[in-house]
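S.K.: Now for the letters of each chain:
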Amino acid sequence: MTAERTRVTDEPRSATGREWEVFVREDADGPLKHVGSVTAGDADSAHEHASSLFDWVAEALWVCPADETRRYTATGVDGGRSA
Amino acid sequence: MISVSKLLCDLDAESDGLRYDAADESSENQITDDKQQRPVVVWNLTKQCNLYCSHCYAAADTETAPGELSTDEGKALLDDLAEFGIPVVLFSGGEPMVRDDLEELIAYADDAGIRPVLSTNGTLITEERAESMKEAGLKYAGISVDGLPERNDEFRGEEGAFDAAVRGIENSLDAGLKTGLRYTITEANAPDLPEVVDLLHDVGLDRFCFYHLDYGGRGADISNLDLSPADTREAVEMVCDLTREYHKQGEEIETLLVGNYADAGFLVEYAREELGDEQADRIYRYLEANGGDPTGERIADVDYQGNVHMTQFWQGYSLGNVRDRPFSDIWTDDTNPLLRGLRERDDRLTGRCASCQYQSICRGGSRLRALSAGGPFDPDPKCYLNEDEREPEAAADNAVGDASAD
Ligand code: SF4
Chain V
1 MTAERTRVTD EPRSATGREW EVFVREDADG PLKHVGSVTA GDADSAHEHA
51 SSLFDWVAEA LWVCPADETR RYTATGVDGG RSA
Chain H
1001 MISVSKLLCD LDAESDGLRY DAADESSENQ ITDDKQQRPV VVWNLTKQCN
1051 LYCSHCYAAA DTETAPGELS TDEGKALLDD LAEFGIPVVL FSGGEPMVRD
1101 DLEELIAYAD DAGIRPVLST NGTLITEERA ESMKEAGLKY AGISVDGLPE
1151 RNDEFRGEEG AFDAAVRGIE NSLDAGLKTG LRYTITEANA PDLPEVVDLL
1201 HDVGLDRFCF YHLDYGGRGA DISNLDLSPA DTREAVEMVC DLTREYHKQG
1251 EEIETLLVGN YADAGFLVEY AREELGDEQA DRIYRYLEAN GGDPTGERIA
1301 DVDYQGNVHM TQFWQGYSLG NVRDRPFSDI WTDDTNPLLR GLRERDDRLT
1351 GRCASCQYQS ICRGGSRLRA LSAGGPFDPD PKCYLNEDER EPEAAADNAV
1401 GDASAD
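Heads up: the sequence lines are chains V and H, in that order.
Counting from 1, one number per residue, gives the positions in the first sequence under this note's numbering.
Counting from 1001, one number per residue, gives the positions in the second sequence under this note's numbering.
These are calculated hints, taken from the structure and not from any lab test.
Everything hinted at is true.
DMTMM-like, lysine to aspartate or glutamate: derived pairs with alpha carbons at most 25 Å apart:
1. H:Lys1075 x V:Glu4
2. V:Lys33 x H:Asp1334
3. V:Lys33 x H:Asp1333
4. H:Lys1075 x V:Glu11
5. V:Lys33 x H:Asp1329
Full structure from sequences and hints, please.
M.R.: Written out as C-alpha cells, the structure is:
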C-alpha cells in the first residue's frame, strides 16, 4: 500500500534563529538517524549545540538546514495545508 | 512540581502509600494512586505577547510570528493528545489570551477529556474573558506576578502591569475559576516574595507556585540574575516557613516549588530539623514515588510552530514536529538517544549527582541548566545542597581525613 503523503508547510521553524535538522550515527555499522533539530545562527553553532547534546553517543553527527529540507508525511497535523 | 504545603502541612500517616503527582499547574489533588504515565503537555499557543518580560523562556514578541499552528491543526493535536491519554494541557505563550480561538481550544480539550489549564500574565483577563474561559471549561488559571508593583512592572516591561494582573486575578476569582500565582524567583525579586504572598492572599488567592529560573529563551540571558546557591536556599526556606506560618493561623494556602529538584532534598532536610525523623522519612517516600525532575517524562512542550520539546524551558532543541508526526509517536520514539538517555539517567548522571543520597528524589535537577554547564548528564550548577547533605558519609570521612592531617 502506498501512503498518502502531503508536503508539510515550509513556514519557518524558529523565530530566534535558523532551525537545523540533526542526524546521529551511534555505531559504525548502524543507521544515520534523525534525532530532532536545534536552533542556531549558523552551521558551526548548530554543530556545537548538537554536539553538546549527542557527543556522549554519536559516532557521526550531521546538521542540515531545516529550511532546505522538504518534508512529506502521511501522519502530520497540518493535513497538507501547503501541499 | 513539589507541593510544599502538602508535604510539610498535610501529610499524615493515613495517606502513606499514596503517590505524589507532578501534574504541573493542575489544581487536582497532588497526591494520587498511580505514578503519572503520560506527560502534562504545555502548548505555547503563540509567540505573541502584549508584554515584554526580561525572563521570558519563550522569547516572546509583541508581533505574531509566522507558522503558528492553526485552530484546525490545534484540534488535530488535541485529538492525538487525548487518544494518547495526556492528563492536562497547559495553554501558554507568549500570551495565550491574545489568540481569539483560545476559548474554542479550551472547550475542545475539555470535551476530549483533557484537563485544560492556563498560564497567563493576567493583564487581559477582563470580566467577560474570565467568564467565557470558565464557560469553555477552563479548570485553572496561573497568573504571573514577579515582585511588588514597581519591580514587577520593570521586569514585565510595562508600567501598570502589576495592577492589571491583580485585576485579572480578581476577575478570574469572581468568575469562579481556580486561580493561582506564578512567581519566578530571581536575585532581584526574592526579597519581595513574602509581601507579594500577603498582598495577593488579601485579594483572595490561596495557591502560590514559585519557579526557579531555568536557562531557556530570554531566561538564558539573565542567568547572571539567578540567585546564588545560598540565596536560593534562603528563598526556599522562606517559602517553607511562610507556608507553615499561614497554616498555623488556619489559612490553608497551597505552595509549590518548580524547576529545581534539589528542593526535594532540602525539604527532607528541613523536615528532619523542624518536624522530626518520622515525618522526614514519610516525605522522602512520597518524593521518591514522585520520581524527581520530570524532563522528558512527566512534562512535555509543544511550541507555537508544533516543535516538541522536553520541557517548556528547553526551546533550543526539538525532538520533532507535530506537522510531520503525531506527538504520541515523537514522545514514544525510544530510538532518540537523548530522550532514552534522560529516561534512564540514573546510571548516567555524573559528578556530585552520581553519588548524592537524594538522587532518587531529585534525579539531577534541571538537565537544561546541566547543559549550560557542559553536557546533559553533568550536575545541575544550581544545586544548593552542601556535601553534608548530599553525601553525609563522604563528608564525615573527609572530616576525619582533615582532622588526622592536622
Ligand atoms: S547533587 Fe544532583 S541529585 Fe543531588 S540534590 Fe543536587 S542536583 Fe539533585
